[in-house]
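Visitor: Sequence:
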Amino acid sequence: MARSWERQVRKNSTQLNKQRKKQGKPSIYSSGGAPADIYKGRNYVLPITMVALAAVYFLLGMIGQEGTAGSMTWIIMAMYVFLGLMIFLRRPFLRVEKNAVSTIKFNRDRRLAADNIAKIKLAKGSVVIEPKGKGGNWVFTRLINRYDTEAMGERLERFALTHNIPLEK
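Residue numbers (our numbering): 1 to 169.
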């Protein structure tokens, strides 16, 4: 009886969640807390580098084969341009939640709880979050990734005060 009951509950909850999704409401298991603040940037340095590498590869292909580029050269060039486009379209972000911050690093979502943050440094044009223990600092800059560091700094200042995290300006 227990297994059939669990299956019935799972079936009903999935149906209910589908209905709620159509209505624009959150799922029944989602937390009802305040939504996180998300600060998005734009990565443009690495995509420009990828397109430049494609151009260099094209020029080297033209020099090496009597002025004609082979099919492999065209494929590699297209892959470099495609990689640059993918990196450009995937926007870096900093999500400040109630008890944690998260970002994307090395193509994975990274999350840092408030009790694992050693220090937050705010400077003009950059924000640095230092984790406790191993792991590198999280650096968000206006120059490289076009973050709104002023708004991020204000929100992280409130976050640091709430969780008693040392803050440097």
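Take these hints with a grain of salt, some might be off.
Stated by the list, open to error - Once the Cα atoms are required to be at most 16 Å apart in a straight line, the calculated EDC-like pairs of lysine to aspartate or glutamate come out as:
1. K134 / D115
2. K124 / E97
3. K98 / D148
Claimed, not checked - DEER-style ranges, computed between Cβ atoms:
4. G70 / R158: 54 to 62 Å
5. S4 / E154: 34 to 42 Å
6. A55 / K18: 23 to 31 Å
7. S4 / K132: 41 to 49 Å
8. R158 / I48: 28 to 36 Å
9. N116 / E157: 34 to 42 Å
10. D109 / K11: 40 to 48 Å
11. S4 / K40: 43 to 51 Å
12. G135 / A55: 45 to 53 Å
13. E157 / D115: 14 to 22 Å
14. L161 / I28: 29 to 37 Å
15. H163 / W5: 37 to 45 Å
In case anyone wonders, no lab produced these hints; they're calculated from the structure.
Computed from a prediction, not measured in an experiment: that's the story for all the values here.
For each residue, glycine too, the CB sits at the ideal point set by N, CA and C.
Visitor: Would you list, in rising numerical order, the hints stated earlier that this structure does not obey?
Guide: Violated hints: 2, 3, 5, 6, 9, 10 and 12; rest satisfied.
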